[in-house]
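A.B. asks: So the chains spell out like this:
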Amino acid sequence: MKHVNAVVIGAGAGGGIAAKELAVAGLSVVLLERGPWYTTADCRKDDLRNQRTTMLGNAFGPRDEGTPRVTVDASGAARIVLASEGGYQNNAACVGGGTLSYGGQAWRYLPQDFRMRSTYGAPAGSSLEDWPITYDDLEPFYEKAEYEIGVSGDYSGTPFKGPRRRPLPMPPLAPNREFYILEPAAKRLGLHPFHLPMTRNSVPYNGRGPCMRCRWCVGFACEVDAKNGSQNTVIPTALASGNCELRTECMAKEILTDDRGRARGVAYFDADGHLQQQPCDLVIVSACAIESARLLLNSKSRLYPNGIGNRYDLVGRNLQGHHYTGAVGFFDYDIYDDVGPGASIAITDYNHGTPGLCGGGMLANEFTRLPIHMIDRLPAGSPRWGLGHKQAMRAAYKRNIQVFGPTQQIPTADARVTLDPTVRDKWGLPVARISGNVHPHTFDIGEVQAQRAVAWLKEAGAISVTKLANKATGVSAGQHQAGTCRMGNDPQSSVVDRDCRIHDVDNVFVIDGSVHVNNGGFNPVLTIMAIAYMASASLVRNWKGTGLKS
Amino acid sequence: MIATAAAGSALLSGCFSAHNSGWEFLTDSNAATLKAICDQIIPADGFPSASGAGVLTYIDRQLTRHYRRHQKVYLAGLEQASRISHERFGTALESASPQQELAVVTALESENHQFFELVREHTLEGYYGSPRHGGNRDAVSWRMLGLDEPPLRGRAQYDLRKGSPS
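Protein chains in written order, with the numbering used here: chain A, 1 to 550; chain B, 551 to 716.
Bound-form chain A, shown alone (with noise of 0.2 Å):
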């Protein structure tokens, strides 16, 4: 197989930045993607079957045969996930990755979630640490991936954010009905709601138009392709340029290494199962936190016995992603008007500063809702069935108003992939096992959130509000997995520094979720793009022609 300068392992945020960024530059790239690459002619509007709901399955992959998982309870049971099951933590597997269908915000983290410990120590039993890099340091970046990958919204509401030289490129989409109920609610509590952040045209931008607000969104492609990812931005630029060759349905085995420990290509199977091999001159890895440490983890030589940048035990440890509270509340009249995305106003006031606690989250009102979403969501007391659960629906589905937010979480060392030791997928590869818990004082941020999303909706006049802040009993990663490669500067401590380049292999980067330190109290999406532009933007720097500088 023909040499080449780079293979990029995931098609995703991550993934496919780097790839586009490399290619323009200059470098021949391949860019594997383990699933097929969907059009909008795919986007079916199946309430039981897409990303977000997937009582009959995952409509952007993986597909629940030949790929399970094994997660590890509390007890220390073990047991067998498929894909579409919670305990898989899940994201999506084609091209786009978790952009394909997710909802879109778009935030940026703020300048004291880089410094947590340094803002708040780190609570005992905790792995809470500082980024090696700074909101300044990815400011440039943040605003290179809001106005390439397009993003929509509105800050000046609020003073709680970090400085910015340039306004979003777009404006907000207009409020729907919730955003009039709550903003003035949440102005009479003092506090300062915006419209928030997302990936989503709201006028014709990048020679795409606007949302056309339908119903069917987070969890779906977008039929009218106004919702912004990889998939429809960078990924055709990369490969426009002639300098990248995309390579779908092809899964990822071992990255492989030569005498000196440096990689040199990625052994792969084809979308017919047959072992590849593609030799190059450096490795990113995006294949998303589990997915990437498990590649990690699996490729295993003589002088890498415990998989590549593993030397210290620290691939696959802090894996997080986001404790998710709020809560429902239900009014007596009609508000829910049908208008996507739905999530429309945010407030940031409570995301650091409460004392006692080490950080918060954002807080803004939930997407659209289909009726399947509201079947355990009616008002405490409502029967589960039975013409009083019928009467509930009717009653509740179009009165309530949802408000959540996702909880700054306190990383531990012990939420972890692993590899099992005998389940193998499809391909003969070592699966991933995913054990630990989150750290308890997450709960008791995300406790705190739950009431603050109580009290905002009391004061928007709900007469009656239903707290959710159920504490998880095993890790929570998912859509927002990250930390599992995490950033740093000491070797010893982290898999990766800076520049995303694993410390003991100068060839090998990991560019997604992997390298967060922690998650902040927002959607990560935007942060991984941030970080994929300033990764390879150093990367590029650094490459001479036929390799890096050392």
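Worth double-checking, as some hints may not be accurate.
[What the hints assert, rightly or not] Listed next, with one range per pair, are the computed distances between beta-carbon atoms: (1) A:His-274 - B:Gln-664: 39 to 45 Å; (2) A:Glu-65 - B:Val-623: 19 to 25 Å; (3) B:Glu-671 - A:Glu-65: 19 to 25 Å; (4) A:Glu-65 - B:Ser-645: 53 to 59 Å; (5) B:Ala-642 - A:Met-212: 48 to 54 Å; (6) A:Met-212 - B:Glu-671: 31 to 37 Å; (7) B:Val-623 - A:Arg-424: 24 to 30 Å.
[As the list claims (entries may be wrong)] Per the computed footprint, the stretches of chain B lying under chain A, defined by three or more beta-carbons under 8 Å from a beta-carbon of chain A, are: (8) 585-592; (9) 674-685; (10) 688-694.
Since the hints were made in silico from the structure, they are not lab data.
Quick caveat, the model's predicted, so the values are computed rather than measured.
Here a beta-carbon is modelled for each residue, glycine too, at the ideal position from N, C-alpha and C.
Got chain A sorted already, so can you dock chain B onto it with the hints?
C.D. replies: Chain B in isolation, oriented as in the chain A frame:
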């Protein structure tokens, strides 16, 4: 289009299973018992019951597809429901009175929680989920909840409503 698809699949399954009238997995007797249970979970009022909206078709189809793994639990649960009905009321569940049916389903909820929870979940999915899987016939539950069906498309939907500043 939905009706055509349903008829098509009924014909198709009829070709392969001689022992029942159009079900892919259930026997007629299974189906009668399941209908009684589903219609207690979502009874008829001004709007159709579970079975009236096609929930049995939904469950039956998925028991040969995504829910194959639940076949055993269903067969055992349906048999148990039938047994409870015979023991308490001396009649098959489908011939029992509505009050008796409710008593049997309530008993089932505590005596075979796993089965009851599955049927409850699948009934609600079939009733409130996408019509493409055979349930929620003609999107009846969506209309019941006041959703426009088919949905109004494009910005017209928004502009029809008050509050648009643009």
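A.B. asks: Need the list of violated hint numbers for this structure, in ascending order.
C.D. replies: 4
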